[in-house]
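Visitor: What follows is the residue order along each chain.
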Amino acid sequence: MIKATPKPLEEIINYVKDFNKILVAGCDGCVTVCEAGGMKEAKVLGSALRLYYTQAGKDHEVVETTITRQCDKEYLAELKDMVENADAVISIACGCGIQYLTEMYNDKIVFPGVDTHFMGINADRGIFEERCAGCGQCVLASTGGICPIARCSKRMLNGPCGGSEAGKCEISKDTPCGWHLIYERLEKLGQVDSFTKPVDPKNWRTSRDGGPRVIIREDLRKAEPQHGSAHS
Amino acid sequence: MEPRTPSKLEKIMAAGHLGVTSEVGPPRGADGAEIEHKGHLIKDYVDAVNVTDNQTSVVRLCSLASCIRLKQMGIEPVLQMTTRDRNRIAMQSDILGAASFGIHNMLCLTGDHQTFGDHPMSANVFDLDSVQLIQTVKLMRDEGKLLSGFEMKVRPQIFIGAAENPFAGPNVELRALRLGKKIAAGAEFIQTQCIYNIPKFKEWMKIAVDKGYTDKAYIMAGITPFKSLGMARYMKTKVPGMDVPDNLIDRLKGVPKEKQAEEGIKMAIEMIQELKEVPGVRGFHIMAIEWEEKVPELVKGGGLYPRPQV
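Protein chains in written order, with this note's numbering: chain R, 1 to 232; chain V, 233 to 542.
Do not take every clue at face value.
Below, in silico cross-link-like pairs of lysine-lysine (DSS-like), each with a Cα-Cα straight-line distance of 27 angstroms or less [to be verified]:
1) R:Lys188 to V:Lys438
2) R:Lys173 to V:Lys438
3) R:Lys173 to V:Lys468
4) R:Lys43 to R:Lys73
5) R:Lys21 to R:Lys7
6) R:Lys73 to R:Lys21
7) R:Lys197 to V:Lys434
8) R:Lys168 to V:Lys470
In short, the hints are calculated from the structure, not lab data.
Put together the whole structure using the sequences plus the hints.
Guide: Printed below as a string of structure tokens:
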């Protein structure tokens with residue numbers, strides 16, 4: 001899922017210090033899982049803001065809420081009254097949610113309350129690791145199920161480079177060498193010979209390099225909604 | 233192996249001589265005279281001179297301009313190119329530019345990650361990796377095509393080089409396979425990482441010989457003399473992928489500080505002598521880092537002087 005972290009409180013206060021009625025809008029999706037933008041974090045941020053306004057002697061009204069997903073307009077529509085009532089909104093959804101909320105309520109000022117980082121996994125309590133770079137053309141079938149684009153610092157398709165040492169990347173002793181992991185996995189699968197065959201240059205057009213991306217699934221557009229639709 | 237390009241380095245090794253290259257690191261400023269000065273120090277002792285491409289990700293005068301300068305002095309350059317900073321458009325463009333000045337050697341590298349350098353906040357590119365850069369140069373030279381498929385009227389003529397580090401992870405077998413991959417992609421000469429661990433290097437070379445890689449590419453052994461005990465320790469602990477055995481550190485420890493540089497040169501010469509006898513070694517790449525004036529002594533001491541004329 002998408003991984004985000006809360007922005008420093010000072011930065012958020014700096015955004016909203018001249019507003020009085022604030023809506024802190026969380027999201028029950030990815031940011032709840034990584035504990036950056038769910039109801040718990042909305043409450044924490046709301047309390048901190050109330051404390052700030054009180055100490056600064058400013059009138060204020062801070063409301064916290066979350067919706068199922070900020071990347072769907074059906075759910076964003078649920079925020080209508082609360083957004084209208086606020087002077088400014090702090091969205092603590094991922095960068096997608098923040099932008100979609102802004103698009104939906106275009107005359108309202110919306111600030112980001114989190115920094116959105118990457119698509120990753122929950123390695124341990126409080127440890128999130130990147131796994132997918134969203135290149136749009138998955139190569140995992142030939143790399144032992146380990147992504148060289150997300151997990152090699154140089155996104156090499158013919159690694160490991162000469163800086164790989166004792167299983168670690170040259171950028172840091174805390175970063176596993178992605179190609180070392182690939183090698184170990186291919187060795188386990190008996191596919192090490194594939195290392196002698198050069199992998200051709202990648203077509204990056206399906207990645208961010210091709211410009212902002214849109215997926216149009218005609219099959220889904222034609223199909224009847226399965227369930228839970230507002231349009232009956 | 234028959235020479236396929238006008239490269240003097242290629243001709244020398246094709247004729248069965250041990251090739252000798254060295255390198256020049258360009259300055260961190262616009263002083264072109266410094267490149268000329270370094271070139272003058274070594275020109276009669278080597279067949280070609282590599283020019284590094286923003287090594288360790290520190291901004292320096294560019295490799296291409298430096299190579300042109302050397303070429304104009306009558307020195308044969310080896311253009312080093314990393315894929316870190318330029319995409320395939322820029323790299324192919326630079327290859328054509330180099331070829332237009334009669335530059336006939338390239339060393340294709342991925343490059344150090346930019347976090348090592350003076351601009352750790354910069355974006356990186358890595359559109360291609362070193363293997364794919366080798367493929368690109370080969371395509372341009374042998375098929376006269378760009379990666380787009382566009383056919384050129386005039387092709388670059390470039391002797392294609394690559395680096396390999398026998399001492400990096402995960403193990404010596406994988407490093408030999410990766411050498412094979414670079415050769416399969418089109419590499420014709422290989423300049424290795426600085427060699428200090430000779431037994432491990434021999435292990436790597438044996439696999440290369442057994443797999444027939446040495447019939448397809450010239451392996452040039454990388455030599456970097458220690459200037460001091462401090463440098464040896466730095467190389468051992470701080471430089472990624474460097475393998476410095478303790479006995480070399482101990483040997484430097486055993487001589488007084490003012491004699492360490494001399495001992496370092498002596499050790500490098502002994503290494504050249506020993507590596508000359510290793511099957512598959514076809515030349516030496518002498519990287520005397522900020523110590524170019526010592527290259528003549530190393531070449532002479534290693535019995536590699538005078539350089540053959542071809």
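Visitor: Could you run down the list of hints and mark each one as holding or not?
Guide: Against the structure, the hints come out as follows:
1. R:Lys188 to V:Lys438: OK: R:Lys188 and V:Lys438 at ~25 angstroms, within 27 angstroms.
2. R:Lys173 to V:Lys438: Outside the cut-off at roughly 30 angstroms; violated.
3. R:Lys173 to V:Lys468: Roughly 15 angstroms separates the two Cα atoms, so the pair holds.
4. R:Lys43 to R:Lys73: holds, 23 angstroms
5. R:Lys21 to R:Lys7: The given pair, whose Cα atoms are some 20 angstroms apart, holds under the 27 angstroms limit.
6. R:Lys73 to R:Lys21: holds, 23 angstroms
7. R:Lys197 to V:Lys434: Holds, because 24 angstroms separates the two Cα atoms, which is no more than 27 angstroms.
8. R:Lys168 to V:Lys470: holds, 14 angstroms
Hint 2 from the list above is the single one not met by this structure.
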